[in-house]
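Spelled out from the first residue to the last, the chains are:
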Amino acid sequence: MSDTNEVEALTPYARSLGITLDRWEDGTPVMMVPFEETVEGRPEHYHGGATGGLLETAGYSALRAELARLDRKAALKPINITVQYLAAGKSRTSYAKGRITKLGRRSANITVEAWQDDPSRPIATAVMNVLMAETDG
Amino acid sequence: MSDDARKFDPAKATSFFTGRGHSGWLGLKYSDHGDDWVELELPWREDLLGEDGQRVLASGPILSLMDMASGMAIWRAMDDFQAIATLDLRVDYVRPAREGASVFGRSQCYRITRSAAFVRGLAHDGDSGDPVAHIQAVFMKIASNARL
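Chains as they are written, first to last, in my numbering: chain A, 153 to 289; chain B, 567 to 714.
Heads up, a few of these hints could be off.
What the hints assert, rightly or not - 20 Å max Cα-Cα, derived SDA-like pairs, lysine to any residue: (1) A:K229 / B:V660; (2) A:K229 / B:E617; (3) A:K229 / B:A667; (4) B:K573 / B:G600; (5) B:K707 / A:K225; (6) B:K595 / A:T190; (7) B:K578 / B:V660; (8) A:K254 / B:D658; (9) A:K229 / B:D618; (10) A:K242 / B:I708; (11) A:K242 / B:S597; (12) A:K229 / B:P662; (13) A:K229 / B:G619; (14) A:K229 / B:H690; (15) A:K242 / B:G590; (16) B:K707 / B:G619; (17) A:K229 / B:E665; (18) B:K578 / A:K225; (19) A:K242 / B:F684; (20) A:K229 / B:R621; (21) A:K225 / B:I708; (22) B:K595 / A:R194; (23) B:K707 / B:F574; (24) A:K225 / A:A285; (25) A:K225 / A:T180; (26) A:K225 / B:D618; (27) A:K229 / B:L653; (28) A:K242 / B:L653; (29) A:K229 / B:L615; (30) A:K225 / B:Q620; (31) B:K707 / A:T180; (32) A:K242 / B:R586; (33) B:K573 / B:S597; (34) A:K229 / B:R611; (35) B:K707 / B:A649.
Stated by the list, open to error - Pulled a few chain B residues facing chain A out of the computed Cβ check, cut under 8 Å: (36) S581; (37) T584; (38) D613; (39) L614; (40) D618.
Hints are computed from structural coordinates only; laboratory data are not their basis. We put the CB at the ideal spot given by N, CA and C, even for glycine.
Looking at chain A on its own, in the form it has when it is part of the complex:
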C-alpha cells in the first residue's frame, strides 16, 4: 500500500542493477538482488561495489518507509557510508535490511546488514549517514 509505493520509488541505479523488494519484515523492507553478471566481480562472486550498492539501497528504502510512515517528505542525500565486508558473496541471491538507529530532523543514521542464506550470518554490514533535505509538506 503506501509502504509499497514508497519502495517502488527505487532509485534508477537500484533498478538498473536488478535490486527489488523481497518482503516486509516488521514494517521494514527487505531488499534483494539476484546473482547476475551485473553484480559479479571475480568469477562466481559478488563485486564489493555491488554488495555496497545493495546495502545502500536497503538503507535508503528503510529510511523512505519510515519517513512515509511519519508523513514526512524529504530529498535524501548521502553524507557517507562505511562498509564492512565479512565474507565473500557467492553466486546466489543476496538480501539486505536496514535499521534506522537515529532519525533526526536533518540527518539519519542507519545500519544495514546483507546476507545470503542465513540472516544471522551477514556477508557485509554498513553504517550510513543520510542528509534529509526537507521539501514542501
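For chain A, the structure is supplied; the task is to place chain B on it using the hints.
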C-alpha cells in the same frame, strides 16, 4: 623506464577487469596511474541516477569505482596480481557530481603489510582539487600462507 619493468600495468589490466561483470556493466575505463596509484573513469549514465527527478549520480557506482581503483592501486604498489579482498571501505560524499560529467576515481595505496593493504583516495568530476568524495579502505591479502 622503471615503468617498463613493472609486471602489473593498470593501463593494460583495466580492459581485462572491465570486459565483463559489475565493472563492465558500469563501463569503467582506464584513466591514469602512478607508482602507487590508479585512476579510473566512470562515464555519466542516465540509468545510474540516485533519485527519480534529480540529475545526480547515485552513490553506489562511486563506491564501486573506488573499490576497483583501490584494488588496482594495491596490485600496482605490490607489483603483483594476487588475491585481495575488501575488508572495510568508507566513502564521504562531499558534494554531488555534476550532471553529464564522468567521475574519476583515484586511489593510492600508501601502506602494505604482510597481510593488509591500506588505501586512500578521492573521486572528482574533472578537477581533482575539488573532489566529490573521499575514501579510505583496508584490503586483506588472501595469500595461501595466510591460512597457516
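(request) If any of the earlier hints don't hold here, list their numbers in rising order. (result) 5, 7, 11, 16, 18, 19, 21, 27, 31, 36, 37
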